[in-house]
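> Keeping the supplied structure of chain A fixed, place chain B upon it in accordance with the hints.
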Amino acid sequence: MTILTRRSLVTVGAGGLLLSGCDKLSYNPKMVSVLESAEGATERWQRLIGRNALAREYTEADMSPVFKANGSRSVDTDEYLAHSESDFADWRLKVDGLVARPLSLSLAQLRAAPQRTQITRHDCVEGWSAIGKWTGPQLGHILKAAGVLSTARYAMFLCADNYGGEASKGGDQSAGLYYESIDMVDAFHPQTILAHTMNGETLTVPHGAPLRLRVERQLGYKHAKYVMGIRLVDSFKGFGAGKGGYWPDRGYEWFAGI
Amino acid sequence: MTTAIPISETMAPPRRPLFYRHALLTRLTHWTNVLAVAVLLMSGLQIFNAHPGLYWGQYGADADTDKRWFEIGAIPGADGAMAGKTRIGPLMFDTTGVLGVSNNKDGVSTAIGFPHWITLPSVRDLATGRRWHFFFAWVLILNGLTYLIGGIVSGHLRKDVVPKLAELRPLNIAHDIVSHAKLQFPKGEDAKRYHILQKLAYSGVIVLLILMVLTGLTMSPSNDAAWHWLSEMFGGRQSARSIHFIAAWSIVAFVIIHVLMVLLAGPINQIRSMITGRFDLGDAA
Chain A
-1 MTILTRRSLV
9 TVGAGGLLLS
19 GCDKLSYNPK
29 MVSVLESAEG
39 ATERWQRLIG
49 RNALAREYTE
59 ADMSPVFKAN
69 GSRSVDTDEY
79 LAHSESDFAD
89 WRLKVDGLVA
99 RPLSLSLAQL
109 RAAPQRTQIT
119 RHDCVEGWSA
129 IGKWTGPQLG
139 HILKAAGVLS
149 TARYAMFLCA
159 DNYGGEASKG
169 GDQSAGLYYE
179 SIDMVDAFHP
189 QTILAHTMNG
199 ETLTVPHGAP
209 LRLRVERQLG
219 YKHAKYVMGI
229 RLVDSFKGFG
239 AGKGGYWPDR
249 GYEWFAGI
Chain B
133 MTTAIPISET
143 MAPPRRPLFY
153 RHALLTRLTH
163 WTNVLAVAVL
173 LMSGLQIFNA
183 HPGLYWGQYG
193 ADADTDKRWF
203 EIGAIPGADG
213 AMAGKTRIGP
223 LMFDTTGVLG
233 VSNNKDGVST
243 AIGFPHWITL
253 PSVRDLATGR
263 RWHFFFAWVL
273 ILNGLTYLIG
283 GIVSGHLRKD
293 VVPKLAELRP
303 LNIAHDIVSH
313 AKLQFPKGED
323 AKRYHILQKL
333 AYSGVIVLLI
343 LMVLTGLTMS
353 PSNDAAWHWL
363 SEMFGGRQSA
373 RSIHFIAAWS
383 IVAFVIIHVL
393 MVLLAGPINQ
403 IRSMITGRFD
413 LGDAA
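One line per chain: the protein sequences are A and B, in this order. Using my numbering, you'd call the opening residue of the first sequence number -1 and step up by one each time. Using my numbering, you'd call the opening residue of the second sequence number 133 and step up by one each time.
With the rest of the complex left out, here is chain A (with noise of 0.2 Å):
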């Protein structure tokens, strides 16, 4: 009995000790930036076997019958309410930095533009996946219209909502303006849109009205709702925690392609 109790003890204080140094590990820099190597690896290999490879498009039968709205619900400044209020009627998205010709849109204009619509699959980091239809114009339409200058690297997405975090994710959940950034290859991809209608209906707010940005070989987390403007630059700095993302800031991978 006394052995017995023994050796499980001693078995339950090795397991905890495993484990407790597991989790020392992994919040050692060294080992932070050793693990972090493979974001790199994984990126290269996935731009080499398709750089301009397209997300699958599935037909309407393919569908989701409820499109899970994640993140930011709904966004709670004075400015955006008195927005959505007024169906966006003089919201404008302005595109600037790093451009020829900075811009200023309103929907109409975005509406006006040249149109893609696709049925693509939303792949949350979490886990899950929803299909659905999007609609709206290009962005590298729009880009080519602003005349991104050749020391451009990242389209940035500022977005209007200030976000919490997701307690299914865990880790870092701390307050911050939501953004987040593509490049070049990504923000000229054919099917990387500002999508302004979702299954053929105006952008919802849960959803992210009045624009999404579309970028459909990524996780969710990429793809910014609420996008107030969007801005080329050429590194990170100045933003959040330098990451290039909110949820970069807070740990994921800023290559969202796994």
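Hints were generated in silico from the structure; no laboratory data involved. Backbone N, C-alpha and C fix where the C-beta goes; we use that ideal spot for every residue, glycine too. Honestly, I wouldn't trust all of these hints.
[Said to hold, decoys possible] Residues from chain A that face chain B, not an exhaustive set, calculated with beta carbons under 7 Å: (1) M29; (2) L33; (3) Q44; (4) D121; (5) G125; (6) W126; (7) S127.
[Said to hold, decoys possible] Below, simulated SDA-like cross-link-like pairs (lysine to any residue); rule was C-alpha separation at most 20 Å, straight line: (8) A/K66 / B/E203; (9) B/K199 / A/T57; (10) A/K66 / B/T197; (11) A/K28 / B/V271; (12) B/K324 / B/V294; (13) A/K22 / B/L167; (14) A/K22 / B/L173; (15) B/K237 / A/T57; (16) B/K199 / A/P63; (17) B/K237 / A/V64; (18) A/K66 / B/G189; (19) B/K199 / A/V64; (20) A/K66 / B/K199; (21) A/K66 / B/L167; (22) A/K22 / B/E203; (23) B/K199 / A/Y56; (24) A/K131 / B/G189.
Only chain B this time, still in chain A's reference frame:
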């Protein structure tokens, strides 16, 4: 007075030359694989906990109950405390204490899919779980490719691991099942090769590991864009996620049986052979 007998004659059997059983490449890739699979399982369960439900098909989320065949959840029990529930198809199990509701590191009852002691990290942290997972996924792939290419070039896979057609005869399989059931393990010359159950187990786990990699790649939206055939082959991203989960636990089942067999067949000799390569064949019956 008793006559002194040399200790070597009473205690230790006469030394036999050890058989060189495992090549260096096999041993190195075996232990690298042990590490990778352990980290991938534990970080994978951390990732699973972010959405503890599985579906068949292309899509699947909270509202898609018709596509969901597996879920772990927490519901208020009769006494008001949270009860852990696990559903597999139509079967519902109370899994309080392990799945759905379990004590966290500080002993506080918490609603969570898999318990803290099997996830990496032990606290809820999807970002960190993913970081471990995608680093060791590369380790698993590169290590696995090294083993497979080495095994093909040297002929090890063909000669020692993949079952031969003749060995798949029902009588041969039945014979091996009986000797396993009687715990009669091969000795002498007969122990220089794998018998059919071992061959099936080892080639089976190689297939499972390849399946893990392929279903894992299917879940990556960027990889899926480049290789549509993967999600077509598995019947959709959510089906691939389900298969990934089932294959992971199949590998756990393999490991349990594998370790049990090592313990029953003589753990010191078995483990030594996977470290130094040298194996004591024992006396032929």
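> The structure should be examined with respect to each hint, and the outcome stated for every one.
Verification of the hints:
1. M29: violated (9 Å)
2. L33: Constraint on A/L33 satisfied, holds at 4 Å.
3. Q44: Holds: closest Cβ of chain B sits about 4 Å from A/Q44, inside 7 Å.
4. D121: holds (5 Å)
5. G125: Since chain B brings a Cβ to about 4 Å from A/G125, closer than 7 Å, the hint holds.
6. W126: Result: holds, 4 Å to nearest chain B Cβ.
7. S127: A/S127 check passes; min Cβ-Cβ to chain B is 5 Å, inside 7 Å.
8. A/K66 / B/E203: holds (18 Å)
9. B/K199 / A/T57: Answer holds: B/K199 to A/T57 is near 18 Å, not above 20 Å.
10. A/K66 / B/T197: holds (13 Å)
11. A/K28 / B/V271: Distance ~18 Å between A/K28 and B/V271 Cα, so the pair holds.
12. B/K324 / B/V294: holds (15 Å)
13. A/K22 / B/L167: holds (17 Å)
14. A/K22 / B/L173: Given pair A/K22, B/L173 holds - Cα atoms ~18 Å apart, limit 20 Å.
15. B/K237 / A/T57: Violated - the C-alpha atoms of A/T57 and B/K237 are around 47 Å apart, more than 20 Å.
16. B/K199 / A/P63: Holds. B/K199 to A/P63 sits at ~12 Å (cutoff 20 Å).
17. B/K237 / A/V64: Measuring from Cα to Cα gives roughly 36 Å; hence the hint is violated.
18. A/K66 / B/G189: Roughly 17 Å between the alpha carbons, so the hint for A/K66 and B/G189 holds.
19. B/K199 / A/V64: Answer holds: B/K199 to A/V64 is near 13 Å, not above 20 Å.
20. A/K66 / B/K199: Holds, at roughly 15 Å.
21. A/K66 / B/L167: violated (37 Å)
22. A/K22 / B/E203: violated (30 Å)
23. B/K199 / A/Y56: Measuring from Cα to Cα gives roughly 18 Å; hence the hint holds.
24. A/K131 / B/G189: holds (18 Å)
When the structure is compared with the earlier hints, violations turn up for hints 1, 15, 17, 21 and 22 and for no others.
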